[in-house]
Each structure stands twice: as structure tokens, then as C-alpha cells.
Amino acid sequence: MFFRLLFESFRRQKRRKSAALLAIALGMSIATAMIAVGTDVGDKINQELRTLGGNLVLTPIEDTLDVNIGGVNLKPASEGSFISESELPKMKGIFWGRNITGFAPFLSAQQTITMKDHIVAAELIGTYFAQPLRYGKEDFTTGVRSVNGWWKVEGEWPQDYSAWPQDQAPNMLAGSKITQESGLSIGDIVQIGGKKLRVSGILNTGGPEDQAIVAPLHIVQQILSEPNAVRRVTVSALTKPEDALARRDPSKMAPAVWDRWYCSPYANSIAFQIHEAMPNVRVEQIRQVEQNQGKILARISGMMLLLTLAALLAAALAVSAAMAATILERRQEVGLMKSLGASNTAVASLFLTEAGFLALAGAAIGFVAGAVLARRIGQNIFGSAITVHPAVLAVVIFAALLVTFVGSAGAVRKAMQFDPAVVLRGDA
Amino acid sequence: MNRSSLFLRLLFKAAWVRKDRALTALISVAVVATIATAALTIYSDLEGKLSREFRGFGANVIVTKTQGSLTADEVNAMNTALGDKNAGKGTVVPVAYAIATAPDGSRVVVGGADLRALRELNSWWSIRPIEGSSGKAWIGSRAANLFSPANGKFNISFASHAAEIQPELVFLSGSDDDSRIYLDLVEFTALTNVQPNTALVRVEGKPQEIQSAIERLSASLPQAEVKPVRQITQAQTAVVGKTRSVVLAASAVVVVLIMLCMVATFTSSVLERRKDFAVMKALGASNKTVNLLFAAESASLALVGAASGYIVGSGTAFWIGKANFEAAILPQPLLLLPVLLGSVVLALLASTAPLRLLQQIQPAGILRGE
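Sequences listed follow chains A and B, in order.
With numbering that gives the first Met the number 0, the residue at position 410 of the first sequence is 409, and numbering never jumps.
With numbering that gives the first Met the number 0, the residue at position 15 of the second sequence is 14, and numbering never jumps.
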């Protein structure tokens, strides 16, 4: 009898049921989309903030001071010590190796650049552009093209030669300022340290590189006769904003706390792990980037969280109101059932079971629609989809049940308070 | 009782007698108005609020004099180009550099600047003051490790002068600055006879305001090179732009969906009253009168709901600003009219559509319960 009533109620009141279902589904798609966007926006903005470049810098532990004014490096190439290039891929093997999105090694020295009709002194910088590397079974590509997103090249990026090319002069980039001042243009050949290089593109960074020559690392190593040498490496890592735990001194932590610190992707725990993998390297946060990006990230995530909460609350209220409206509409049914002898429990369980079915169906529809919406938002704004965690489905189902029950329970109780006779007469 | 007072009475009683029904309709409108107001208020202020957060990145423009040093007039011109200093439009910190020889014979870069201003600009510096020191020099952490491991004084020499450096504090930056020593500009100039030829400039504001400030700077300093630090300006543009888009897209989704939800609620509360409708018609009311009555009821509910929604929504935005950005997001009076009008129009659409449906049925049929 109960199931028959239930079934008939759905069959006969298609319009009412679909209005309620629509409301629940809409509310739940808001919940799904907002939770997905709100939880993923941090990662997405973190990716955007990587246009700031590296947030960690590696230097040799035994290094002498940098002698650098206005971007001009005055330290002789022979002075100080080096990081060995072959060790760099080890970074990918640390606990948070996956969070290291890229790195760019640098080796630089003041050099005399001989052009067609004159000679200038400029800095020669060697680096990876998009160097394919391998660590264990993982292949990856890294270099300034991905790490220093603000570098712009007019012309072509040089390739990363593994050895000096036999048949032609290797390609390199000339800074925009140096090309302006010396009349260098794409295709020109210059001589550095007695070796010929070809300008394949003009580099514009808005920084000191604009007055330098940037060439593939292995070419610069040969010019400077420093094989396998790197002076500095900037590392771009996805990090968790600094919090109270990250600010504590790791050497004074209790083992359990230390483990928690080690297993969190803070900038300083990643730096510690890189140092573990490469003991001869000093790893430091580029504080300008690291400190500030954490703040900005926290602000944006915080705002999205609050907006998500507001939207969830609004959706809950809207769904509750919709459920209440559909049940209030049916007080005559309640009156009829009660006058035929149904107990309050029987009436309430019928209505709540109905609400439960509506909630489940609405949650399923809403989840799918919300996931599609979140995906579209991610694709349109960040160029990469926002995926919805399956756990959100559980949250949405729970929320749907809760909200519909709360919305209908109040209305059902109200409907039952009236005398059936009064309701049926239409006086209530 | 004349016609208009009867109308008002019907209108009032309809809401009063069935308070719960009026309340659900009211809530559904208020929710739409709240979320729309909150989202749009936040959206309109987001660019300014987020841009402010980029202040921490320090200088976003570098001015370099290619020949000679920056004159006092030029520094003033920069300040004028930025606008009123007190209005928080930006700061200009001139810096000079020279190379000195350290006690171990190695070379070290010494900078001269207004140290307080430099520190304010480079807010990310982690500072470790040296207790009990009467010194004035600021030492980068790497230079400190080499020359002053016990925080004591040491000597450096410039081409013509020797100088004793007494550290006041050690800073950690994670940049080239860690290898440098900074002195107060006046002292630095006295020692080296070098005047600043570079100025670190922080321009505050939204991406387009920064762009126009850079143009003003370039125009007022023909002898100098004005370069934006693209790394920072570009990140600001990208992050602010994308965050705005996300907030707009998410708000649009929420507002549209919740509007549909409201329409569903409104429609069902009108359909619920098909008996009222039938009785009125049976008593001789014209379609027009009934429509008018229902429309007036919906419109007044929507008006009250939207007004309260505007207040709650503005409050929500204000609170989100306080809680998250530590600066209130002020209500936007310009939003009031669109929110009110939008809610009323939506409510009218939601209530008149089902009426049209009802008008096709004979009142007798409805009264019989068909």
C-alpha cells in the first residue's frame, strides 16, 4: 500500500514532482560546481603564479659572493665553485618531486662578443631552453621556456644542443637591448671566445637578460671550458603557502611533527629534500616570489571558499523553500489521508520517502550538470579542465537529503497541525 | 468598499492569511537577490583588492639613467608622475651601487639607499636585528656569513677610502641582495662619491593604472630608461584577470541556477492557488483583474525580498572583504536598481506564465478538483 501510494504520487503529479526535482537538481549543480571550482582554484592560480618564475634557487654551497650590479655579472667565470649539471635530474626523485614543475640551470660570464664591424663586452648566459631529460623511468622537459614564462622571443628559440654542431654555427638569443645598441639582427653570426654562433632570435625579458647573450648551456660550457658546470639553478615548485608549522625550526621539531613537515609541500621542506639529494648545493627560497605568492594564493582561495559557502547556503535555502512550497501545496492530501485514518508517522514517512527519492535523483542530475559546468569554467578560463573529485558526489547526496528533509519536514509538520476537516473544507 | 481598497485588501490578506506560502516565495526571491548582490559587489571590487595584494612583490618598475646619475629634479618628477604620495600611489627608492674590496681580498657589492624605504619596498626580506649593535649597515645573509659570522664589525675599502662596517641587521632575501651590503645613501655617497643612477619604483594600482603610470614616467624622464619588471606585472595581470573571470563565471552559474530555482518555487506557489483563481473568476472577475492581482502580489513580494536580499548581500560582501582581504568591500548603490528591477521582472514572469495556463481551463473544472 505504501509503495503503491508512493508510486502513484510520482506517476500522477508529474508537474509538481518535476518542479521539485528541478529545484533540487539546480541547487545541487550549484553545490557541485562551486565546490569543484572553489577547491581547484588554488591549484589553478598556483599554476598562473608560476609566470613569476622559480621560487627556489640552488647555488653551490662553497660559493663566493655574487658580484652583480644592474644585472651585469662582474664575477670571473673561473671564480667560485659550480653545481654539477648531471646531478640536477635527481631533484625529480625527492619526496615532492612531482611538485617540481621545472628548473632552469644558468652558467654565465662576461665575454667579448665580436660582431661584423665592432666588438662589445656582454654577459654570456648558458641555460636550458626546453631540454628533454630523464630521471629513472620518467621523461620530462625543462628549461627557461617553461620556468621563465615572461621571456619573449622574436624569431626562433634555439635548440638545446648536446654537443657542438659539426656543420653549422649553433643558435643563440641576443638580448633586445644589445641588438638595439649594436645593430645585431636575426641570422647574424657573432664570435664568442673564438667560436661562431648564430642569432636565431631576439630576447625580451624586461630584466638584465635584455643586455646579454643567451645560448644553450652545453655551448656555453664549451666556450668557457667548464664541462658539466652550472652556477645557479632556479626551480619552480608548486608549494603550500607558509603556515605556523612551516615557520617552525625543523631542527627543533619532535619526530612526529617533523614527519608532518617533511611530508607537506612547503617551500622549506622541498628545499630541505633537494639539499638531501644534492648535499653540495645550497637551496634557498626566492623570498620575493615564495612569500608573496603564498599570500595571494591564500587570499584567492579564501575568497573562493567564502563565496562557495555563501552559494551553498543560498542553494540550501532555495531548495528548502522549493520543497516547502511543493508540500504546502499538498495539504489537502494530508487532510484526506488523516481523515481516512492515517497516522502522523505514516503521512510523514510517505512524504519524506518521496522527498528522499527526489533528493537522490536531484543530486545525481545536479552532480553531472555541476561537473560539466565546472569543467567548462576551467577550460574557458585556465585552459585546463577542473575535474570534480568523486567524493563530492557523496557530499552532494548528503547535502541534497539534508536540505530536502529540512525543507519538507517543516512543511509536513505544519500541514499535519491543522484539523483535517478544516483543511478539506479549504479554510486553512 | 471601493474597488481599489478591495484590491489592496485582497493583496494584503493573500499574503497574511497564508504566511508560510508568502514566506517561501519571499525567501526564494531574497536568496537570489542576496547571492546576486554579494557576487556582483565582490566582483566589482576584486581587481582593486587583489592588485593591492601584489604590493608585496616590491618594485615593479626600474628606472635607470644610462648616462650620469639621477638628479633631485628627476626624482621629484618621478614622484609627481606617480601622483600624490600620501594617496598610496607608489614609492620611489633611488639606489646607488659600488664595488668594494672585502678583508679577504674578494669583491663585494655595496649599495646605498634610504634603508627604511628599501625595507618597506622589499617586504619579503627576513630581518634578523643584531642585538646591542650601534651599527647602521645592513648585511645580506651570504655576505654576513663570510665577513661577519659573529656579527662583529669588519673593514672594506673602496678605490680611495677605507670604511669600517658595523652591522645593524642581517637580512635574507633569496636573491643577489644576499651578497650585498647596504648603507644609508648619505653615508654611501660620502664614502664613494657615487650618486644613484637607478630607482626602484613601486607603482600601486590595477594593471591598466600601472601601465599608464609607466607611460607618464617615461614621458617625464626622457634621459632615463623606464622598464616594467615584466615578471611581476605580467603575473599580476594574469592572476587578477583570471580570478575575476572565475568569480564572474561561478557567480553567473550560481545566480542563473538559483533564479531558475526561484521560478520553480514561484510557479508552484501560484499553481497552488488555482482554487482562488477559479473562485474569483466564478464571482465574475475579469482575466485582467485576476492577472493584475496576482502580478501585484508577486511584484510586492519580490520587491520586499529583493530589498532585503540587497541588504544581506551587501553585508555578506562587506564581511567577506573584512574576513579575507582585511579591508571591507563597500556596498555598490548602483546595484540596487538592477537587483530590484531584475527580481520584480523575474517574479512577474514566474507568476504570469502559470496564470496563462490556468486561464485555458474552465473555472468550474478547477473547482470540481480536476
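None of these hints come from the bench; they were simulated from the model.
Treat the hints with care, since some could be wrong.
[To be verified] One side of the interface only, derived from the structure: several residues of chain B facing chain A at Cβ under 10 angstroms:
#1 Ala29
#2 Ala97
#3 Ser105
#4 Val185
#5 Ala218
#6 Ser219
#7 Leu220
[Claimed, not checked] Distance condition first, Cα-Cα at most 30 angstroms in a straight line; then the derived DSSO-like pairs of lysine-lysine:
#8 A/Lys115 <-> B/Lys241
#9 B/Lys287 <-> A/Lys151
#10 A/Lys294 <-> B/Lys205
Don't be surprised by glycine CBs; every beta carbon is placed ideally from N, CA and C.
Now the hints, each set against the structure:
{"no.": "1", "hint": "Ala29", "in the structure": "holds (8 angstroms)"}
{"no.": "2", "hint": "Ala97", "in the structure": "holds (8 angstroms)"}
{"no.": "3", "hint": "Ser105", "in the structure": "holds (6 angstroms)"}
{"no.": "4", "hint": "Val185", "in the structure": "violated (20 angstroms)"}
{"no.": "5", "hint": "Ala218", "in the structure": "violated (19 angstroms)"}
{"no.": "6", "hint": "Ser219", "in the structure": "violated (20 angstroms)"}
{"no.": "7", "hint": "Leu220", "in the structure": "violated (17 angstroms)"}
{"no.": "8", "hint": "A/Lys115 <-> B/Lys241", "in the structure": "violated (46 angstroms)"}
{"no.": "9", "hint": "B/Lys287 <-> A/Lys151", "in the structure": "violated (68 angstroms)"}
{"no.": "10", "hint": "A/Lys294 <-> B/Lys205", "in the structure": "holds (18 angstroms)"}
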